[in-house]
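*Asks:* Quick note: the sequence shown uses this note's numbering, first residue 21, plus one each step.
Treat each hint with caution, since some may be false.
Distance condition first, Cα-Cα at most 30 Å in a straight line; then the derived BS3-like pairs of lysine-lysine [said to hold, decoys possible]:
#: 1; residue 1: K327; residue 2: K45
#: 2; residue 1: K438; residue 2: K85
#: 3; residue 1: K86; residue 2: K45
#: 4; residue 1: K327; residue 2: K86
Hints listed in this document are in silico derivations from the structure and should not be mistaken for laboratory results.
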Amino acid sequence: MIDLLLLGAGQLVTCGCSSGGPKRKNELDDVCLVENGAVAVANGRILFAGAETDVLEKVSSVSVKKTIDAGGRVVLPGWVDPHTHAVFSGYRVDEFEARIRGKSYLEIARNGGGINRTVSEVRSMDEDELFEKSRRRLMKILEYGTTTIEIKSGYGLETESELKMLRVVKKLDEDTPMDTVATFLGAHERPPEYRSSDDYIDVVVSEMLPAVTADSLAEFIDVFCEEGVFSVEESRTILEAGLKRGLRAKIHADEITPLGGAELAVEVGAISADHLTKVTERGMARLAQSETVAVLLPATTFGLISKSFAPARSLIDTGAAVALASDYNPGSSPASSMQFVVSIACSQMRLTPAEAINAATINAAYAVGRQSEVGSIEPGKKADLVIYDVEDYREIAARAGSNHACMVLKEGDLVWEKEGFRETSEVGF
Numbered sequence: 021m022i023d024l025l026l027l028g029a030g031q032l033v034t035c036g037c038s039s040g041g042p043k044r045k046n047e048l049d050d051v052c053l054v055e056n057g058a059v060a061v062a063n064g065r066i067l068f069a070g071a072e073t074d075v076l077e078k079v080s081s082v083s084v085k086k087t088i089d090a091g092g093r094v095v096l097p098g099w100v101d102p103h104t105h106a107v108f109s110g111y112r113v114d115e116f117e118a119r120i121r122g123k124s125y126l127e128i129a130r131n132g133g134g135i136n137r138t139v140s141e142v143r144s145m146d147e148d149e150l151f152e153k154s155r156r157r158l159m160k161i162l163e164y165g166t167t168t169i170e171i172k173s174g175y176g177l178e179t180e181s182e183l184k185m186l187r188v189v190k191k192l193d194e195d196t197p198m199d200t201v202a203t204f205l206g207a208h209e210r211p212p213e214y215r216s217s218d219d220y221i222d223v224v225v226s227e228m229l230p231a232v233t234a235d236s237l238a239e240f241i242d243v244f245c246e247e248g249v250f251s252v253e254e255s256r257t258i259l260e261a262g263l264k265r266g267l268r269a270k271i272h273a274d275e276i277t278p279l280g281g282a283e284l285a286v287e288v289g290a291i292s293a294d295h296l297t298k299v300t301e302r303g304m305a306r307l308a309q310s311e312t313v314a315v316l317l318p319a320t321t322f323g324l325i326s327k328s329f330a331p332a333r334s335l336i337d338t339g340a341a342v343a344l345a346s347d348y349n350p351g352s353s354p355a356s357s358m359q360f361v362v363s364i365a366c367s368q369m370r371l372t373p374a375e376a377i378n379a380a381t382i383n384a385a386y387a388v389g390r391q392s393e394v395g396s397i398e399p400g401k402k403a404d405l406v407i408y409d410v411e412d413y414r415e416i417a418a419r420a421g422s423n424h425a426c427m428v429l430k431e432g433d434l435v436w437e438k439e440g441f442r443e444t445s446e447v448g449f
């Protein structure tokens, strides 16, 4: 029994054809495009994917429960967003205006804004309210084609509030169509009560970590390795403590200063090093020789009204595995659409549309350890498929400002479609 047969994909952008591991260098520029493609789905998994004539031949003797005709449109795997802070209270839009008026990120933070402002709001918010706000955000993100999302804690900075955030992430995985990936980021910042003390590291390592792992609330541990936040040595201590408790490492690296976060990521075997706006040539070389994925966040640079984008072309040319993420958060990057991230990655960091799409799908899946499940349209993987109302996949990058998605399928189930779409198009069941 075929549960779903998707036909009529003018372009089936599979993001497959990898030689093994995340895509690097020239391979990143190949989305493994199939013209006039089709996908057969059984039990939520992709059974066959390829040219429509080939797929129809393979299923010719099998009954089909449901059919969707994409009407010549483009079909992509669901986006994988490997770095977000999507559980929070409210947006800090006044800080955006302050940046327009010339205030820096650090100036805003010193005046009571930034991370610690959101920390105060999250600490005081009821868990149910925090969940409901976050659930509504995720359902909106889903409309733009993201089907797998990593979410960090880090707006609690005390044990119970960090646990509250991670419980919300777990509930989002259970109560929304999204697959969520939980990361413990107790070392996002020093809270006000520990601002002039080194004792906070002991709180993270000796109090928070045991509580997080006791309830299996996170898969990854992260730290903001940055001048004035956590040094390389402090970050190593925190990450190694997480590794000993069975968590995998991630790191906010070299965002504001070239501190050596990329090198530390490789040293501890982190699955990803994120931001990398100020990564050095040495750091790039280390990443290129490792399995650590370089996760770039162009929407953050955009939101901070900066021109200092990460050196994406140099990272790719050096041989690093590059992924893209939104860094969706209430302050520096309140942009949750991976379509937008792909667009500015092309226009501001000079990725080709193919490179950006691979970076936001299969390579992003590697950045959260989900490469065997999602990130490409290949047999055995989850049938996370998005139909875009465009004729050429490059339009998604070139035509910024619109939501081009018209239908989102999660494990073969229709979880969102644009209102009135089937009444005004050839797409149908």
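*Asks:* Holds or violated: K327 and K86, Cα atoms, limit 30 Å.
*Replies:* The given pair, whose Cα atoms are some 48 Å apart, is violated under the 30 Å limit.
*Asks:* Would you check the hint for K86 and K45, treating anything up to 30 Å between C-alpha atoms as holding?
*Replies:* Distance of about 39 Å is beyond 30 Å: violated.
*Asks:* Take a quick look at whether K438 and K85 sit within 30 Å of each other, Cα to Cα.
*Replies:* Answer holds: K438 to K85 is near 23 Å, not above 30 Å.
*Asks:* Against the 30 Å threshold, does the CA-CA distance of K327 and K45 hold or violate the hint?
*Replies:* holds, 24 Å
The structure does not agree with the numbered hints 3, 4 stated previously, though it agrees with the rest.
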